[in-house]
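Asker: Listed here are the chains, written in short residue letters.
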Amino acid sequence: MRNIIETKKLCKTFSNGGVQQHVLKNIDLEIREGDFTVIMGASGAGKSTLLYALSGMDRPTLGEVVWNGTDIAKKASDQLALFRRKNCGFVFQQTYLVDSMSVLDNVLAAGLLVEKDKKKVTAKAKEVLTSVDLPEELWNKFPTQISGGEAQRVGIARALVNHPAIIFADEPTGALNSQTGKDVLNALTRFNESGQSIVMVTHDITSARRGNRILYVKDGEIAGELELGKYVSGDKDRHSMLRDFLREMGW
Amino acid sequence: MNKEFLLARSHFKKNRGTSIGLLSLILLAATLLTISLLTIFDAYPTSVKEGERLNGGDGGLNISFDVENLSEDVLEDILAKYTSEHEFHKGLEYQDISVPFGNGEMVLNILFYGAEVLDSQLGRIEIVDEDPAITSDYIYLPYQYYTSGSIKIGDTLEFSLKGIRYSFKVRGFLNSTYNACNNTGSFIFIPDPASYEVLKTRDGATEAAFMVTYKLNEGVKDAAFRIAFTNAVKTINSRTQVGGSSFDHAVYYRSIMSLIIAVSFIVVSAIVLIVIILMLANSITNFIRENMKAIGALKAIGYTGADIRNSLLIQFLTLAVGGSIVGIVLGYLAMPIVAGIVIAQMGMPYSVSFNAIATFCPVIFILLFVILVTMFASRKIGKIDPIIALRDGLAGHNFKKNHVRLDRSGFGVNTSLALKTMFTNRKQNIITFFVVGFIIFVCTIGLMMYENFSRDPKLEFLYAEHCSGVLGVDSDMKEEAEEYLNNRADASNVRRGLNLNLYFGTEDQLYAFIFDDPDKMNNKNVCYKGRLPKHDNEITVSGKFANEQSLEIGDEIKLNYGARSATYVITGFMQTVNNMGHEAIMSEAAAGHLMDLKRAPGYLWFDCDGRDLTNEIFRDAEAEFEGHIVTTMNYYEVMDGALTTFQGIAVLMLILVCVISAIVILLVLFLLVKSLLYNKRKDYGIYKAIGYTSDSLILQTAISFMPSIILSVLIFSVVSYFAANPYLNFFLSSFGIVKSAFDIPIPGLVLIGFGVIVLAFLFSVWQARKIRKIEAYNMLIAE
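Quick mapping for you: the protein sequence lines, in order, are chains X and B. The number in the working numbering is simply the position in the first sequence, starting from 1, with 1394 added. The number in the working numbering is simply the position in the second sequence, starting from 1, with 33 added.
Just so you know, these hints were derived from the structure itself, not from any lab. Built from N, CA and C at the ideal position, the CB exists for glycine as well. Please note that a few of the clues may not be correct.
With a Cα cut of at most 30 Å, we get these calculated BS3-like pairs of lysine-lysine [claimed, not checked]:
(1) X:Lys1510 <-> B:Lys715
(2) B:Lys460 <-> B:Lys326
(3) X:Lys1403 <-> B:Lys806
(4) B:Lys82 <-> B:Lys114
(5) B:Lys254 <-> B:Lys114
(6) B:Lys434 <-> X:Lys1510
Non-contacting residues of chain X with respect to chain B, defined by C-beta distances greater than 12 Å in every case (computed) [claimed, not checked]:
(7) Arg1396
(8) His1416
(9) Glu1424
(10) Arg1426
(11) Gly1428
(12) Ala1436
(13) Thr1600
(14) Asp1613
(15) Lys1630
(16) Arg1632
A few chain X residues that face chain B, going by a derived Cβ cut-off under 8 Å, partial list only [what the hints assert, rightly or not]:
(17) Met1451
(18) Asp1472
(19) Phe1484
(20) Tyr1490
(21) Ser1494
(22) Ser1496
(23) Ala1503
(24) Leu1507
Go ahead and model the full structure; you've got the sequences and the hints to work with.
Answerer: Structure (structure tokens):
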């Protein structure tokens, strides 16, 4: 499989009151097309920082983030926005839907950025909302009128509407109960099975099991990597492999 | 109280931009209020103070036209009956003379008196400024020549009297209570002794006049005295004219402009105060929304609602006190500019002095407003439950309708999102709608004043009738002169017109415009109700006079002139700003019941095509009737002269109104856009995360304010177009204008509307540029 993203000597340093904190240290990494890549690590290890640096949401301090041969690390803020709208879909822990817009409008607000044909975008938005199992009667509700799990599925639909090269998911089940979290993971898994590349940050082992490739971040570096193969429901070996890997990483 | 101060300081730090915006608005309101109050309480009384300082008595009279039979002893006898003190001087008076003034000419009664009048004790005439080095062929002019007549000491003033050209060097300026302001209808000139002797020798027989200043006996009313005096004089010589005015009228006319300016400033101040109320209430509502958790936390640790409200009160009172003090200082600093306009009209020295009312009232007024609005708008704080607030519970959403559905909207995505923002931000857009509406209305008034007093001035608002020129011919040649004008192809609508004071009862007078046929008048708009008189028993009187006397159309009115009296039927009401609103129009035939007009000079009003042709007609007439021309009045020149001060004021007011409007719009948008950016900062982060650029979000933000602004401009432009004249009618009715028909140039109105929209859009874009600083990543990790 070809690499969609490659990082070279990726560094990220935060400065706070003159004190510098090196969050990412010389990371060389490839993200492959079609993979469900999971980034794990302890709190403060730098996993979310890595996710946002890969996605062009944030700029690294040093190094390159090469997308299909183009380094996006040096792009200006608005150029990155244009890049993101075409290439990335995002699912956040807090869902981050716009409260003043209906569910359908939240998805369309993203879709209309890329496709100007309103009919096509509307049809696509409805298709993805259906594909995340969101009942039609909720489409014209506002985000505050639906449950957290439903809102997260709207977030996934919004991430999918533009056929992004990769979906970046930052702790997508972090704010959900186990059942709604499972529904969200099922949706992501389903899309990955149909070829959608996904990079997901999580510190939840159950969520991490859905990935076929596990990266473990420790002190700003990729401390280890595990290839699990595609997710199969009820595969107990998968769970123990992952547990052993994490134990080895000091989880 | 310490804890409230601590909280207030924290509010300041957190809401620095909002505080600066509100402070600027308060400062602007305080400045305008200070200027208004200084104009009313410091500038306006100046003419009274000056009149009293010059010992102006109760009134002044100018007795002219055939006064040879009127000896000083006779005058003494008449005056002794009614006055406790009087003083009179003999000089010359030329009636309705065109003299250069400002950009044109002024038509007034010009009084020439010798230097001995400078020694008078009652109704003192005082030299304000002079250059003693000028020793021959000089003249002292009223100070108004300096303040608005564009004349300086050392300049040359040229004018014609009875066909003879005179040239004087200006030696100095004088002040007089009764004869030094164009609004009182007469100017006193004091030439050098040699020139004065020349004038006396030439015109002493025909133009001799008396100038009287008097103090009335206790209980004698001025109007009654004037009528009795006029009648007594006319029993001696029916042709003698008595002019002049009471002290009250003289100071009123000299200071009327300061009242108009003060009222204009108060109107604008009121609008700024309304804007402050809206913005203050909006800021407090925003504060509560933005600080819901903090309020909850404060209440949880023991702060009461009153403590938090008091802290807000301290914050806004500090702004009010600071803004008011600086505004008052700015008001005093700006006052000399306004004073320049006021003294231009007053024609007397004036310098701004400290005035307690103008200094303390704006602070008290603004503080009261701020206290009331803050207490009212913050009352919700008292009801906030700390637990609910800590959960951000009160910020719950209650969206009843999904406005501008993206799947159905006919607009592009950015415009659609802008419209969504507009609906969710509807309170702020309502504020914008009304603020812009007020601004459009005020600018329309400013535009109307500029159009009608400066760009395309119209005398019909200042005078009862207008024409191209008036040719004054003595009684010997008036019929020939009329025939001559009638025979000229380039002159049209030749009509005979004369002005005289008629008396009503024992205390009131009417300044009458007497035409051979009132139907020939150009200014038909002067009669706003009923019709102009046609027959010899009819009269049109001013509405103000009719109102004061409880007269209606169809009523009869008995008028006196000397020993004669006649009764007339009122056919209509006319509007006028002159002669205290006491004017009338009648036909020659009607006036014939009161006086013999055969021996009066002929004043021939005519229309023609422009200023140059008017002068050409005068030149030809002077050649044709040499020695018989009493006066010539080119109305185009008169218009320039009469409007000199109005033009300056109109331009200044338009500029001032536009600048203040721009400042108000910018401050309001500064506060509203700032608050919107704060409230939507999370949404902007989300938009950026999913791929919206800063430019598109900036544009969305600016566009979200545009519908209310454009709608307001459209609606209020139409409303202002139709409401401006009725509004001015209401405002000017106390001055005698009841049915004004001021032009409002539609292109100007469109330009103002377009300007407001463009300014608002550009500023919104500029203010929304802060969106660039919102980074999606920072927004996400901050949560």
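Asker: Given Ser1494 of chain X was flagged as interface, is its beta-carbon under 8 Å from a beta-carbon of chain B?
Answerer: Holds, about 4 Å.
Asker: Was Arg1396 of chain X rightly flagged as not at the interface, with every chain B Cβ beyond 12 Å?
Answerer: holds, 24 Å
Asker: Beyond 12 Å from chain B, beta-carbon-wise, is Ala1436 of chain X?
Answerer: Given a closest Cβ separation of 17 Å, the condition holds.
Asker: Determine whether the non-interface label on His1416 of chain X survives the test: each CB of chain B must be over 12 Å from its CB.
Answerer: holds, 17 Å
Asker: Quick check for students: does the CB of Arg1632 of chain X sit more than 12 Å from each CB in chain B?
Answerer: Nearest chain B Cβ is 31 Å from Arg1632 of chain X, so the label holds.
Asker: Check whether the Cα positions of Lys254 of chain B and Lys114 of chain B lie no farther apart than 30 Å.
Answerer: At roughly 13 Å apart (the allowed maximum being 30 Å), Lys114 of chain B and Lys254 of chain B satisfy the hint.
Asker: Does the claim that Arg1426 of chain X lies off the interface hold, with its Cβ farther than 12 Å from every Cβ of chain B?
Answerer: holds, 23 Å
Asker: Does the claim that Glu1424 of chain X lies outside the interface with chain B hold up, using a Cβ gap greater than 12 Å?
Answerer: It holds; Glu1424 of chain X is separated from chain B by about 23 Å at its closest Cβ, greater than 12 Å.
Asker: Should the interface hint for Ala1503 of chain X be scored as holding, given a Cβ-Cβ cut-off of 8 Å against chain B?
Answerer: holds, 6 Å
Asker: Can we confirm that no CB of chain B comes within 12 Å of the CB of Thr1600 of chain X?
Answerer: Given a closest Cβ separation of 24 Å, the condition holds.
Asker: Is the hinted pair Lys1510 of chain X and Lys715 of chain B satisfied, with a Cα-Cα distance of at most 30 Å?
Answerer: holds, 25 Å
Asker: Using the nearest Cβ pair, does Met1451 of chain X come within less than 8 Å of chain B?
Answerer: holds, 5 Å
Comparing the model with each numbered hint stated earlier shows that all of them hold.
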